[in-house]
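Participant: Each chain, letter by letter, is given below.
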Amino acid sequence: MIERRQFLRTLGLAGSAAVIDSCAKQSTDELIPYFVSADAVVAGTPAHYATTCRGCPAGCGLMAKTVNGRITKAEGNPQHPVGRGRLCARGQASVQTVYNPYRFRQPGLRDPQGVLQPLSWDDAGPLLATKLRDASRRGPNRVAWLGRLETGPFDELVTSWLAVLGSTRRLSYETFDYHAIRAAADLAFGRAEIPQYDFDCAEFVLAFGAEFLETWISNVHFTEAYARLRSRRLRDPGGTFVWVAPRLSLTGLNADGWIATPPGSEAAVACAIANAMIADGVADSAALGTFPGIRAALNRFAPDRVAQVTGVPAAAIHSAARRFARRGTSLALGGGLAASGDGEAVALEVAVLLLNALNGNIGSTVTFGPTHALNRLATPQDIVALTHAMSAGGIDVLLVHHANPAYTLPPALGFDTALSRVPFVVDFGTLQDETTDRAHLVVPDHHDLESWGTYAPREDIVGSIQPAAMPLFDTRATADVLIDVAQQIDGNVARAVDRVGWRERVEQWWGDSQEIIRQGGRFTGDAASARVTLRDISATIASIPLRSADSTLTFLAYPTTQLFDGRHADVSWLQELPDPVNKTVWGNCLEVHPATAARFGIGNDDEIEVASPHGRITSRARLSAGLDPGIVAMAIGFGRTASMRFADARGANAIRMLPPPAGNPGAVWRTKDVSIRRVAGGRRLIVLQPEMMAHADGEPPAARVVRPDRVDEREPEPPKTVQFYPPHEHKEHRWGMAIDLGACTGCSACVVACYAENNIAVVGPALCDQGREMSWIRIQREVHDLQDHDGLKQPGNVFLPMLCQQCDNAPCESVCPVYATYHNPEGLNAQVYVRCIGTRFCSNNCPYKVRRFNWARYEWTSPLGEQLNPDVTVRSVGVMEKCTFCVQRIQAGKLDAKREHRVVRDGDIVPACAQTCTAEAIVFGDLHDPDSRVSRLSQLARGYRVLEELNTKPAITYLRRVVPGAPDHAG
Amino acid sequence: MPGDTTAAVGARLHTITTDVMGTLTWSVPGWLAYWGTVGLCGFLWSLAGLVWLYQIYTGMHITGLTHPVMWGFYIAAFVFWIGVAHCGTLISAILFLFRADWRTSVGRAAETMTIVAVMTAGLFPILHLGRAWLFYWLIPYPNERGLWINFSSPLIWDAFAIGTYFVVSVLFWYLQLMPDFATVRDQSTGWQARIFRWLALGWAGTAGEWRHFRTAYTFLAGLITALVVSVHSIVSWDFASAIVPGWHSTIFAPYFVAGAIFSGLAMVLTLMIPGRWLIGITDYVKVDHLEKLAKLVLTMSLIVSYAYVSEFSFAWYKGEPYDRAQLLFRVDGPYAPLFWLMIVCNSIVPLFLFRRSVRRNVTTLFFISLVINVGMWTERLVIIASSLAHEYDRYSWGIYWPSIFEWVILLGSAGWFLFWFLLILGHIPAVPMAETKEHVLATGSIEGRA
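As they're listed, the protein sequences go chains A and B. The first sequence: position 86 = 86 (the numbering used here), numbered continuously. Each number in the numbering used here comes from the position in the second sequence (counting from 1) with 1000 added on.
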């Protein structure tokens, strides 16, 4: 049996694994846990470990920064093809889950009273072995495994381990599946797999509900590629992206046009666009080939007719068709939650594939192979079958591995009841959730940042997983538990699962592991794509319903970029991160269109009871024009019943409203026949930005837009003013930033990165409600009321990352009586926390309101404090704090340059927000260096400075967002 | 007093001595009322002190202050009390320089009020600090931190202005008290005599002493008159030098000085109307005095109203969208009730003082003075909170309402003020004896020249 300590000994990245020490006592108070040669680890000097983020199935490369044996920061791995050094908000927050105070600290066994009692590993292993032995003796398939998507050696181990226990019941379960896409690809091309979408070959994106900038398939990867697309097509008069869905999600808000579809009409609209393309003669007629049936089936969807029936304007359909038609260089995406549900989802995906085929995109922007790991997810049929087997008493032991079916499956399925019929439920989870609350035995796994393993999101991208720190608690790698248990069951099983420790297995699997583990995996990228030809899908097209919108409401449950399917609900950074769309924190709300609200007599922040045929919940309403009036929408991930400290039963569980997946190709995220009514009670919403409309009254908006044809025209400069004081001299550097509002998608990863880097306190719901949140950077949402452009509705949305502008003429500096804030020689408005006495005058005088005051004593419940960055002061009560462009990183960059006897190069120093900016919207550098990226960007005609008429001379230049429908002189 | 016999004059002067001495020997009719009021005030500020300790322990989140409104009740209270402090000086120094002798009988009370009001006001800048225990970092002195203060910060100007004003006010007050302390010393025995001997600093009443006294008094009166203008101007620059719409205006200095004198006069009326009875000096502070104060109140009200109109005109015609938005926010936003309350209290209600009968009716006068106190307090709150709540960027607009703790501290500050006012005035000659006697000698009446 492999001991945890044993593989820790060879933990070191450099691989000079000098094995010493074998003290059996487990302790977690050693500062430097690595057994790298002594001079390679220096106390206080950071070490970086390449691994893979397991926050969702996207599998982005992650680089964990550790100082003194503690993981302080997660950043993307620049060498990893997924993410290329960027992470989303959830990935940034992954370090906080390592130090979550409510992690399981040792195995636990539920006593008859239902209380989880601590258990030692010496007792847990044999108990599990006994239960498994008994189950396997009773017959085949009496042990079931429900676990997250895994690839590589762990995947093989679990399959073979289950096989020797006589079971093939293994479900790779992820909340969000893509089976509708697979089914559609099977129909259209005979390949039941998710295609690869190549934004780098695309010049225009038409998305039918596919939330590719937030949660869909691989959001960081897509965002990064999409940002490149946008900068390539900056001057495109039609823009680069049209969104077809009933709700403006974060992705939709980034679109240049929005076709608001009544729920269920997306497929018809897709067909109407195809019809318009054929009618206009812009379709690739060869693609239709020998299938006149398809063309005939499309005849039903003449834009005028579709417009008449669904209410979607015909002009919008024509406009979308015109923009989309560009011979192999556009990309239609279908899916996400807006398109989910029943058989219509498959029809939509078929229509989307047809659109791609009509435009000749198949083989250029849409390719088949290499295959994505998501193809291997269990289908709803598998889940229903397992549920039935459990209910029927056919399962003796259910093993749950990093999955939370008790929460993520709709209660209408009856999984809960089925779970109570299973005599022994084992959970390998690290954090308490609804399923661990039902488990009889909890055998906690290490956190993913403490584990060995692999994860291959695509067959040609195999990420490695290595521990960045020593396991914090008395947890054990699940693989080792499986191997250990196999040894204890009996001889046959023991022989089948050979006695090789988990770490050795991983190493064997890699072959020459050192180099691969150092760079974070094996990325060949050589898997060829397959040639596919369109099949006759006329029957599917013909089956697409063309009907007017339902008179009843449809309920839509959507995932958010911060909580995904709810697995991140116990992460306080993510709970305190405002939802990018509706800006609520610590809870969700029911989004209602103002017209619908008027119809039902509902006001903002009223408590609403929502009832569907499948369930009933109550929630606060928030009026939003970003919806089709026929739907109400709610975020997934809230309303937890498990004892989760940070989620704390806030919000409502949208999944309770949904139908069971039975009979559907994939999980269903919306339901019809919903009624809403106002009720009493509830907890009021905490909304950090209640008003999103851009300024009126002649005040220039903070976030400005520009028409594509005026990109190279400057805004009039504000008049020059006379200076009373001499200007600041910045002898060596003048740090500055350029933020491209055209690139920023509002994903908010920068906000979480800033929390992690700068030890920003989480204040909790009560203080957030009073406006006392501490975030140094915030994403302001500004909606410009724009006219329809070229037949398309304009979301008019701009996300504006607002942080300290490091003004040259800083109003904050002159009013501080004690020089706690002052202008440093490199142009930063530095803040000396120990000097601050808390007059708060600086904040009053800051027109940007980016200074945050420590209103209370904030606590980092042990061991959350282990994550704190030792390079940044933890501020005390009564002190003002603010962004300093990560001055600690600037200092480190300058020291590195000095040590190497060179000047600081452009790009050497990257603040945390810019580092993780998936769209590269934030660029930092030295404004003194005329060749630096930031200098060049700051000179662009699109550039402007917020409130520069106040003569504050900010160091941040914003680049106006290019919006096709922007007025002549926006601003 | 032409025509009177020396004996009669002597008797008259002696009456003044015994009357004023009477306020020191606890034979006052309102003995119980006096100590009851002092005790209640002591309780109030003790309670506020506990709240302050709690605030220091737990942080400023117990107040209603939040982003973007970083200043609220505390700073409004600071400005209010500093304003109150201005009237004592006006009555003592400016009216002295203008030879308005009627000021004498109310002068002592007004000056005591000044000192106590500065003592009260001075608490608030410390009380509102995030780290109140480090307040002394505002003082420039050589220190081991090797750091210095920022002289371009208006808060530093404030610290100097208030410190100077306090010191000069105390000197001015004490100077006039010295001859009176000597009288008390001479009239009393035992421990009282010992204390007042020490307080009188050996005053013997020689002609040379009186000559020096007059020179010093006139000099200090001149100095303090300049300070009246400078201190409140500087306080106003706390706001005017910031770039907050609604604060950033050149009218602020005269506007604040006028407001300060206005609220100070109102406070003198509020205090003297019951106080002259409580301390037993109704013979010395007469309705005539009160009426004269009321005339001054009316004048200042008109000046303040003029300042309001100017301020709004500045905002409206400046052509800055933010200033205009701020003005509309004030008259029509969530703080509109406070704004209109301010207008009614400060500009409309005082107009009743045009009627003589109102001016001479002690009850209505007291009521009007209370209304003005409320109005001037509201004015400070509106200027501070409303401007901060509605600055440049719509994202950071907010709203501020005080918490229960801020109310307790505000009430406590009133308690603190009254506590010291009554305690001090009850233990010193409440009316300037020497000066009153001069008037009696010169004109035969305690009012002196009109």
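Derived by calculation from the structure, the hints in this document are not laboratory data. This structure is a prediction, so every number in the text was calculated from the model and none was measured. Among the hints, a few may not be true.
Stated by the list, open to error - Stretch-level coverage of chain A by chain B, calculated; a stretch enters the list once three of its residues show a Cβ under 8 Å from a Cβ in chain B:
| id | stretch |
| --- | --- |
| 1 | 228–235 |
| 2 | 854–866 |
| 3 | 869–880 |
Said to hold, decoys possible - Taking lysine-lysine and the DSS-like style, the derived pairs with C-alpha atoms no more than 30 Å apart in a straight line are:
| id | chain 1 | residue 1 | chain 2 | residue 2 |
| --- | --- | --- | --- | --- |
| 4 | A | LYS731 | A | LYS894 |
| 5 | B | LYS1318 | A | LYS720 |
| 6 | A | LYS894 | A | LYS953 |
| 7 | B | LYS1437 | B | LYS1286 |
| 8 | A | LYS65 | A | LYS898 |
| 9 | A | LYS953 | B | LYS1286 |
Glycine included, every Cβ here is placed at the ideal spot set by N, Cα and C.
Participant: Now, for every hint given, state plainly whether the structure supports it.
Facilitator: Verification of the supplied hints:
1. 228–235: violated (count 0)
2. 854–866: holds (count 4)
3. 869–880: Three-residue rule met by the stretch 869–880 of chain A, so holds; n is 5.
4. A:LYS731 to A:LYS894: holds, 15 Å
5. B:LYS1318 to A:LYS720: holds, 18 Å
6. A:LYS894 to A:LYS953: With a Cα-Cα distance of about 25 Å, the restraint between A:LYS894 and A:LYS953 holds, given a limit of 30 Å.
7. B:LYS1437 to B:LYS1286: Holds, at roughly 16 Å.
8. A:LYS65 to A:LYS898: Distance ~22 Å between A:LYS65 and A:LYS898 Cα, so the pair holds.
9. A:LYS953 to B:LYS1286: Given that 30 Å is the threshold and the Cα spacing comes to 61 Å, the pair is violated.
When the structure is compared with the earlier hints, violations turn up for hints 1 and 9 and for no others.
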